Amino acid sequence: MAKSSEESPSRRTFMMVVIGLISTVIGIALAVPILGAVLNPLFRKRDIVWTKLGKISDLNLKPLTPKFVPVYFRVKEGWSVNTLPRQVVVVKQVNGDLLFFSNQCTHLGCPLHWIAARQKFLCPCHGGMFNATGQVVGGPPPRPLYQWVHKFGKDKDTVYIQNKFKDNPKDRGI
Amino acid sequence: MFKQIQNWFDERIGLTKVIEEFNGERIPRRGGWAYTLGSLLAFLFTVQVVTGIFLLFYYVPYFPIARNATYFLKHHVVFGNILLGIHLWGAFTMIFVILIHMARVYFSGAYKKPREMQWIAGMVLFSVVVVLGLTGYMLVGNENSWWTINVLTNVASHTPFIGGFIREIARGGTETSVLTMQHIFAVHVWLLPIVVIMFIPIHLFLIRKTGHQGMALEYKNSKISEDDEKRWLKPDGTVPFFPDQFYKDMIVSLVVFAVIYILAVYVGAPIGPMYRPLALNFAPEADWYFLANEEILKYFPGHGLIIFSTFLIPSIGFGILFLLPFIDRTKERSPFKRPAATVLGILFLLLLVYLTLIGGEPKAPATV
Ligand code: HEM
Ligand code: FES
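If you're matching them up, the sequences are chains A and B in order.
By the count of the numbering used here, the first sequence reaches residue 174 at its end, each step adding exactly one.
By the count of the numbering used here, the second sequence reaches residue 368 at its end, each step adding exactly one.
Source of the hints: derived by calculation from the structure; they are not laboratory data.
Bear in mind the structure is a predicted one, so any value in this text is a computation, not a measurement.
Treat the hints with care, as some may be off.
Going by beta-carbon spacing under 10 Å, a handful of chain B positions derived as facing chain A [said to hold, decoys possible]:
id, residue
1, R171
2, G173
3, G304
One-sided excerpt, in silico: chain B residues whose CB lies under 10 Å from chain A [claimed, not checked]:
id, residue
4, P114
5, E116
6, V151
7, G164
8, G172
9, Q182
10, F185
11, R276
12, P284
All C-beta atoms in this analysis are idealised placements derived from N, C-alpha and C, irrespective of residue type, glycine included.
Isolated chain B (complex conformation):
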């Protein structure tokens, strides 16, 4: 029976061959576990889409109602708490894993020729995923959502020349209003997911075109010198994507999914109080992945300097990361053979962790 169906398809479109080609992709064999991160991201994104679609059965993008609709979903819909919990913890995990994936690629020099475009496509995915997180945080309609919308649109308003326009377009007017929520909603559930859905295949297509580079340890037996590009063309050993690599991908996906599920069930998604523009004693908090940025905002006092914290430092930092393959054009890939890049990378990660840790602390105590 199964054989017949297969033959039916093969006679017409040669399906078996397509599948075999996809599954047979050769993957470097020594670092298999490190290469599961990309597939893990694709898996996590799928989970976000699936849970998100069903959150929409209840969610209403309207300021006074959004938070209560979310509350209803969590407390009165059967297993709604799990659905919402997976969506929240899945988002957190995705942002965390994307950073690890980037670090893996960075330290193994896998963004170098011929893989510059893989990195660029990856950076598009990274930016979109972070904005998805931020907009999701705004959609809950609680107090933090309200102040995050205000603060972030104000940050955007410091962009030179067009800042005021950006804020007004994002808010749908001068004030945060019903239109603001509607815009954020459209961006979070349609615009950005579609960008991700387009860019994951682009990313993967590019990777398959050049083949996986993997890490330097895949090339230990190579006789060609480190600074010759040819060295990085042929790994010492490879395995087929299916089932060898896919098997590892599945195990990692399962473990991470289990963690997300447990967090969803036992910690859940905090909903927080209804937004109150009149609040007198509320201290807004950003999500954890924004705290490093939040910390930078605490410095640079006064009119002349505000542009450093709101625009220059974030955008220059992002620009450097985005264009990394064109800035670092050396040929060595092993982290030990390019100590400057490795040390800079480690320092950057440490700085990020440090800023995140102190970013959560208000600089002046709210009540004394």
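Only chain A is shown next, with the shape it has when bound in the complex:
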């Protein structure tokens, strides 16, 4: 018969080591699939798609007067394909160049309101303010408005938008 822990100190040490090892093995074995489930998003590639915004000539843009145009991205998310409705804020600059902003505040992502009387985008959450060219003019936002990645079609009039922001290394927002 094996000795009890009370009879032999080394037997006691041995049992404690075995108990510790068993706990560690079971713990690690369980942690692996759990970490997999939790960290899974980090290993997924983002589904990037193009979607049509429409023809610029149809928008009747006036200089420095933003137009909010909804777009609908069809993207794979987890187990489903979903429609992500998003706003594209099209602004024609004085020199005629076009800007395609997101209406998300660059602070923490609230939806911006265009206040025509003040010629500014105001954020209802913490008072962020942007001018018509997307520069921060007040409040806490740390950077200018996000710009959607976009391209023109063959007719140089139809615009396509990607569900991705320019100059956004950390993939913030969206």
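Dock chain B with the ligands against chain A, hints included.
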């Protein structure tokens, strides 16, 4: 008959003795009403679990459907409005009561040696209860839920080094999606409640191990000086937990439950409009207990400072509170004998109230 059943159990496991030991715990006698807050929290949490389980008979954690399922529960299920109302107002009450309980413990210095671990276990409960509130707010699937998810995951993304990962893990991807809702759901109905269910017994076990300290007024007759730890070992008078303290616990629970019930029936749980990511004129609002934090977010402009409002101030504040027993190591317990701690506590509470009151006001008007 009853006697026989009792004997059956006693012969086997000595049940009567276990119950008597539990019920006989000595509680300091002068401040009984102030000590009902902890039991009240345990009661409120039980109510949350019970109502929550039956909300699940109808709720669907899927963005376009969640809000309508909640609407159905409220308007088409018999007494569904009461069930949902209790769950909402119970949650609000719990957060409010937990703050009062903390204040009671703080001002009576009950977190000091040997009760440091009680405070730590309490802080775990506090953090979990607040996150339960926030995740519950997100589950409704209305406009505020949608923007709260976006804003809070963005706040988390400013954590140094791992912020981006935290946001992506919480959302289940870069965007707020079906997976986001599923994660929040699992956290709200399983993960966090289980943490609470584990930590309430730990909290209570610790309190029973050291005995209740109660407030300084329990030790008025003691001859030992204020800064001697021994003074705080033996209250002048005690009563048994059952029925003396339990009776007060029940009365307070009933009054608070009645208030919750009336609010549930007559005010109910507002459901609000369906979420609209395209909204052009929507002003998101946080729940009241988050407004103080929300106010801090309005300051610290620009890239270099944003980390103060999103990470440093909240986490340092939380860290100080968490480690309070190890920061304040003085021995006096009476609020009058430790004026610095008392004044700081009062100032902190006033600041919290002030930030909450102005936190609800947008800093710039949404429409001019
Ligand atoms: C779900 C949340 C909580 C429950 C159910 C709970 C429950 C209780 C109960 C039943 C008591 C004994 C009676 C009383 O003084 O009320 C107690 C005491 C205590 N609680 Fe909590 N509590 C909770 C949260 C907290 C929090 C957030 C803290 C502080 C961070 C805390 C710190 C303490 C301390 C230090 C005591 C000992 C007081 C003394 O000995 O006089 N508790 N708690
Ligand atoms: S989200 Fe716009 S200012 Fe904070």
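**OP:** Sort out which numbered hints this structure fails and list those numbers smallest first.
**Re:** 4, 5 and 10
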